[in-house]
Amino acid sequence: MDVLAANFAEILFYTLAVLTVAGAVGVVTLKNPVHAALSLLFTFLMVAVLFVLSHAEFLAAVQVLVYAGGIMVLFLFVIMLVNVKKLAPGAAFLSGIAPLAVVGGVLLGVLIAVAVLFGVLAAGNGDGTALRMVDGHEIGNTEAVGAVLYTTYLVPFEVVSVVLLVAMIGAIVFGRRSAALGPGEGETQP
Amino acid sequence: MIDANNYIALSLILFCIGIVGVMVRRNFITVLMSLELMFNAVNLNLIAFSFRLSDLAGQVLAIFVITVAAAEAAIGLGLIIALVRLKDTVALDDADLMRG
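Line by line, the protein sequences give chains V and W. At position 178 of the first sequence (counting the first as 1) the number is 178 in the numbering used here, and the numbers step up by one without a gap. At position 79 of the second sequence (counting the first as 1) the number is 79 in the numbering used here, and the numbers step up by one without a gap.
Treat the hints with care, as some may be off.
To give an idea of the chain V side of the interface with chain W (calculated C-beta under 8 Å), a few residues [stated by the list, open to error]: (1) Leu59; (2) Leu131; (3) Val160; (4) Val162; (5) Gly170.
Simulated from the structure, these hints should not be mistaken for laboratory data. Quick reminder that beta carbons are idealized off the backbone N, C-alpha and C, glycines included.
Put together the whole structure using the sequences plus the hints.
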């Protein structure tokens, strides 16, 4: 059983690695930006499963929420905003993509479940337990990350919040309509 | 168990694909996507070493990397919007306003 579990992990890892690289190649090679964005989404999700496989469950959730949820929506939003002229009215690519999206979602769920199952199996071997320990108690990865983040790395955490604030202000400044105009011309706009 | 070398090799391949994408593509949006690919490769490396060394510092550092990646995406996409407003293009070759 141990041999089977070990081989199973190898097979799972190499399958995920091949899928991740295939998605990455798709990002670089696909001509349609929407297709490239969906390929990037696939890569993000595969990397999330790889995170689960290496006992970073909290980061896998963050990866899905921030990358697959936030950043991808931002990318697709900008693509839609920019390529308005190229997209035909009532563009039909969503209906063709929907079955694939369902299949991909089910596949991702199965993969995450299998990875979590394997993570539980590996925990018995003493691997990855240090990533779930808080004050000598084994609680969970999320609690352990939080305990380290808000104690040892509190100052970098605060600095990162300043980085986010600066990025937010910068994005707003770039996004203003008058930012594209020369100095003084912006004031005349309502 | 999966050796950490496998993770490092995968991270290397992903990073190289990202670099190729940044260098080859003309579309600003796709270049930003390739940058995100490189951020993901870095995160994969950090997670692999966190697991290998049983140290949570790698995971915390990966959270910071994700934060910076989100900030970079927001500013980069804002730049795309500004470029489209100014020149009506997303091709990086056409962004030559400061060329002498």
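Hint by hint, where does the structure go against what was stated? Just the numbers, ascending.
Number 4 - this is the single hint that the structure violates.
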